[in-house]
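Chemist: Same order as they appear, the protein sequences are chains R and W. Following our numbering, the numbering of the first sequence begins with 1 at its first residue and continues without gaps. Following our numbering, the numbering of the second sequence begins with 255 at its first residue and continues without gaps.
Each hint should be verified, as a subset may be incorrect.
[To be verified] Taking lysine-lysine pairs in the DSS-like style, the calculated list, with each CA pair at most 30 Å apart, reads: (1) K222(R) with K2(R); (2) K374(W) with K350(W); (3) K2(R) with K374(W); (4) K374(W) with K134(R).
Keep in mind that the hints were calculated from the coordinates and are not lab data.
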Amino acid sequence: MKWDTCDASVQYLLHLGDDALILGHRLSEWCGHGPILEEDIALSNLALDLVGLARQYYQLAAQRIGDGMTEDRIAYWRSDREFRNHVLVEQPNGDFGDTMARQFYFDAFHFLQLEALQHSSDIELAAIARKAIKETTYHAQHSSEWIVRLGDGTDESRVRITASLLRLWPFTSELFEPSSVDRAAHAAGWGPDVASLRGPWLDLVQEVLEHAELQLPESPAKLLRGKTGIHSESLGFLLAEMQSLPRAYPDATW
Amino acid sequence: MVSVSSLEHCLHQVADPEVPALSVMDLGIVRSVRLEDGVCQVDLSPTYTGCPATERIERDVREALEALVGAGNVRIRTVLDPPWTTDWISDEGLRKLEAYGIAPPPRRTSDKRSLLSIHKPLACPRCRSTHTERISAFGSTACKALHRCLDCLEPFEAFKCI
C-alpha cells in the first residue's frame, strides 16, 4: 500500500487521525501511573476520547480506500515514516508538567481546528468534527485548569510547569506550517488554512497563561516535518509497543 | 403483526450497560425506528466518542429487536450528525438518573464556550443541597464527573453536560 499516493481526502484523514491516535496512545501510558487517582482517571478518559476519534477518521479513510481496508490495518500496519501526525503529540510523557504542557498546546490547536472542520465541505468529516468538538472543549478546559493550578500553585509547581512549557514550545510551530496535504485540503474546502489558526491560538494560550501568571515561552522554533513522515525517534518506540500484539499475532481476535 | 410502536416499546427495555437505570430511549440516542417489509431499520447516535459501551449498546439493541422481527432483519446505522447532546435525555431520563444517585446534567441555556469553565454547583442527589463541589472533571465512565456534597458529605457522580 502506497499511503502517499492515495486519494488526497484519505491523506487528510490520516493527518487528523494520526494526531488523535498517537496522542491518545501517549496518554494511555499514564493509566495506573497518574499522580492522583482522579487524574489517572482523567488521563485515561482523554486517551479513550482521542482513540475513539482516531477510529472515526480511520473508519472513514478505510471506507474510501475500499478493497478490504480496515481501521486496524491503518493503525497497526504502517511504519513510522507512514504516520502523518505532528511531532508534538509523539513527545514522551516526561513528568506530569510535560504531559499537561503538551496537552494544553494541542487542545487549544485541536479546538480551533475542529471549529473550522465543522464547516468542512466534506460532509462526513464535518459530522465527525461537530461531534468531537464537544469533547475537545472539555479537554481544553481540563488542561487549561491544570496550567493555572500549576502556574499559580507552589514555587515548585511554578518552576516545573514553566520549564515544561518552554521544553514543548519549539514543537508548536509545526501546527501552523501547512503540509502539501493541508494546502490541498484547504483549497478543496475540507479544512482550514492552518497558518491562519496561529493568531487565535496565541490568544487562547496567552489568556490562560495570564490567569496562571506565567509568561509566554520564548525559544526558537524547530523545523519539523512530522506531517510528511519525518518524525523524532520517540515515534518508533511508541509504535513498536502499540503495534506489537497484532504484528506478533496477526490472526488474533478479541 | 409487529408495529413500530411495539419495537419502540421493546427499546424502552434495553438498558445502557454503564448506567442501567436508563434505557436507550431515555438517553435519546435512538434517532429513528422504521419498519419496511419486515426489516427494522434503526438509527443510533453515539454518546461520547470514547465510550466503550457504544458497540455493546448496538449489540443489545440488535438482539432485542431480532427477538421481534427475526434474526438478520435488523439494520443499524450510526448517525454522527447532528451530534448527540445531553439535552436529548428525556425528562423521564433525568428523573431516573437522579433517583439512581447521579446528578443529571443541567439543560443547556447557551452555547457560549470558554476555555476557562465556570461550574455552577449541582444539587446533591441525596440531600438536595446545592452546597457542593466538583472533585474531578472525569469519572468512572466517559459520561460522568465526580462531585461531593459539602452538607451531607457524600460524594456523588454527575452526568457530564455536552
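Chemist: Does the alpha-carbon distance linking K374(W) and K134(R) stay inside the 30 Å limit?
Modeler: At roughly 18 Å apart (the allowed maximum being 30 Å), K134(R) and K374(W) satisfy the hint.
Chemist: Between the alpha carbons of K222(R) and K2(R), is the straight-line distance 30 Å or under?
Modeler: 28 Å, holds
Chemist: With a cut-off of 30 Å on the C-alpha distance, tell me whether K2(R) and K374(W) pass.
Modeler: 51 Å, violated
Chemist: With a cut-off of 30 Å on the C-alpha distance, tell me whether K374(W) and K350(W) pass.
Modeler: 21 Å, holds
Hint compliance for this structure: hint 3 is the single one not met.
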